[in-house]
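Take the sequence shown: its position 197, counting from 1, is numbered 197 in the numbering used here, and each next residue is one higher.
By construction, these hints were calculated from the structure, which means they are not laboratory data.
Bear in mind the structure is a predicted one, so any value in this text is a computation, not a measurement.
Among these hints, one or two may not hold up.
[Stated by the list, open to error] Subject to a maximum C-alpha distance of 30 Å in a straight line, what follows is the list of computed BS3-like cross-link-like pairs (lysine-lysine):
| # | residue 1 | residue 2 |
| --- | --- | --- |
| 1 | K671 | K694 |
| 2 | K694 | K302 |
| 3 | K175 | K60 |
| 4 | K273 | K427 |
| 5 | K424 | K302 |
| 6 | K507 | K446 |
| 7 | K694 | K45 |
| 8 | K507 | K635 |
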Amino acid sequence: MLELSSQLASFDRDNVRFSVDAGVIDRLGKELVARHETAVSELVKNAYDADASFVEIIFKDSNNIGGTLSLEDDGHGMTKEQLVNGFMKISSSDKFHNPISPLYKRIRAGKKGIGRFATQRLGEKLIIITQTEESEYAIKVEIDWGKFNMDKNLISISNSIIEVPKERVKGTTLKIEGLRENWSVPAIKRVFKYSMDVIQPFPISRQSVGPIEEKIGEDITDPGFEIRCWQSINGGLEEIADNDTMIFEHALAEITGEIDNEGFGDWEVISTKLGLIDSGIIGRTQKDEKEPFKFIRNLKFKAYYFIYNIGMIPKMVTGYIQQKANDSGGFRLYRNGFRVLPYGEPQNDWLGLDESQRRRVILPPHGNNSFFGFVEITDHSGTVFNELSSREGLFKDDSYDELVDFIYRSILASVLRIAEFRKKKQKTGQKNYQKDDLSPSEEVNKLADDLDELANSISNNPTESKTENKDNESTENNEHKKEDEENYNNNTENEEQSRKFREFAEKLRSAAESLEELGLLRVLAGLGLTIGEFTHEIKQYLPAFDVDSEFIIQNSPNDSEIKNRGIRLKQSFNSFNTYASYFDETISQNVQRELIIVELRDVVNQFLSVIIPDLERGSINITKSFNDPSLFTCKMHPSEWASILFNLYSNSKKAIKRARSEGKISINAGKLDNIVYLEFSDNGDGVPDENEEKIFNAFFTTSSQVGHKGTQREELAGTGLGLKIISDIIGAYGGEIFLTPSKDGFKTTFRIEIPAATEDEIAKYDI
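Using the sequences and the hints, build the whole thing.
Here is the structure:
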């Protein structure tokens, strides 16, 4: 009927109408976002906007192309009318008219009404199952993106919609089948990070958002938004990333302890960041550490240890981790698998860690907000630990005292071992501590550490309320009400002081980084002057080389070895001349210090003209392609592209050599919206999944270490700085470099995205 109506409308001679080709869906999906990780984060936004408290992202058999991706949330779901007029409508205006979510009053992340087409970018088929709290049934829609071909009218393509039994009370499931790309573990973790970047997981203030019409008289509190990523392989389900696991991976150390069924206790600390593994035993008394505990058995604990603001945690997650530590840091206690309150609740210092921190006898940070800890007690008989009748805590008997003593001593022993390994002072008045000579930047960092410790000390020493005792409640509450108000104001002032100290400490660390950077810049500047002098001086000898090699060629018998050597000598000098001219021009551009827009086609072609002889010697085939006639970047140093391309080329050559394959390199450049991109691919030995994020770290290298007979040139090659330099260059202009899935025939593809030049910038340079 719709197709017939469209055809009838074509006979209207007095009016014309827009029609939509079905191929627009393909363009919306594939060109909406450049990266498949970003496409998933677009769908996570929809769950957040629907007042969901969580979204489960499940990748099934996704190591290879053709797997399945599911997103399940507990949002408000959709009615049939909402689905038809919202989800199924291109560029729907619902979020424009309703920018605030109905339940938790969230500012909606989605705006344009086209983010749902990210599902087309990800897979070949989409299944939607959605239900509202009031509905009796769920609605199921199946969309086959293969139907949306070019030269077909979009309105003529139908998708089935049926009623099915509800899966849960409310919420939506998006199931994407036939994934177009494979998903590695680092790629799944990037989905989590990208989503966390655009969505606030927990409201800063947990205040009520006000009464809701549907629930008159009730105050609704936003519970926050939790993202959990799972991977299913051959039927098994493994959690890859959630709010907690992504926190724990940034811990400085993992501390574990155990008391076995005979009462012997031990602890172990492992820090991959520091390269530290150590352990010890804990006895019933400090005099005899081998003496078994008398009352407790079968106890285990694990703690993730954090020291903030020492450069061990990425800045983008530091604030979130600290907020999480303030809310749920410390040690939670589980007895026979069940949580025992109030242990591990805010302000509950059952192990005495905050009190110890305030005494300042043990100097390394060890307050509750430095740990995410879990204590597990196995006591099936119920004879060792007994809960209070109120179900709020355990009896403080001999078993309880041994429990607290064991964990407290184990934690302090681990913390002190870490401090010793870091060469930090461990105790007040420590006589054997010798302070190392520090560089200026280290001195500044030390001052910043002291400020942080002062801030932690203030935060961990709140003024305690005196109205907790319920005996004589009516009189004591009246007596202490005014004092509690004063305590609250004092605590607020303390928090503000702590915040200012931490801000100043962060500024000091930035200054320290600048000092280190200036030192490195001086070294690089000296190296640049040396290279510049060399290229300038060597060019004076090149004409003589050219004339002499030509003389040998002209004055040697045909087909003689001397003539062949002369021809090869001339070709080598020509290649050398090309290299020298290239670097001479690069250095000249640096001297000018002018930032100009750069045409990627020009820098790629110039680069290829230089490396052709090297490609021929290494039997490497290289191809290039450009998908846009105007590939101007934002204003940059043209010489920076020489560093970028040479570093990528050097990495590719080494990877091809390791793979012992017939070398192939592909350079593809193009434009997408307001960015230009360059993809550099090779068919070398690839990058293992576990190294995808590490390769951009300074000094991380996959090159084998040279032996003691290695040359200086071999030692300098493969220092692990190349990709770090590229990342810093690109990042300075607001761009990004990352690994992206490769096309057939290639193993590794680096993709560089950088802002494109504006029309005004292009016009300014009269290009």
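Do the hints match the structure? See the list:
| no. | hint | in the structure |
| --- | --- | --- |
| 1 | K671 x K694 | 28 Å, holds |
| 2 | K694 x K302 | 27 Å, holds |
| 3 | K175 x K60 | 11 Å, holds |
| 4 | K273 x K427 | 23 Å, holds |
| 5 | K424 x K302 | 24 Å, holds |
| 6 | K507 x K446 | 13 Å, holds |
| 7 | K694 x K45 | 28 Å, holds |
| 8 | K507 x K635 | 28 Å, holds |
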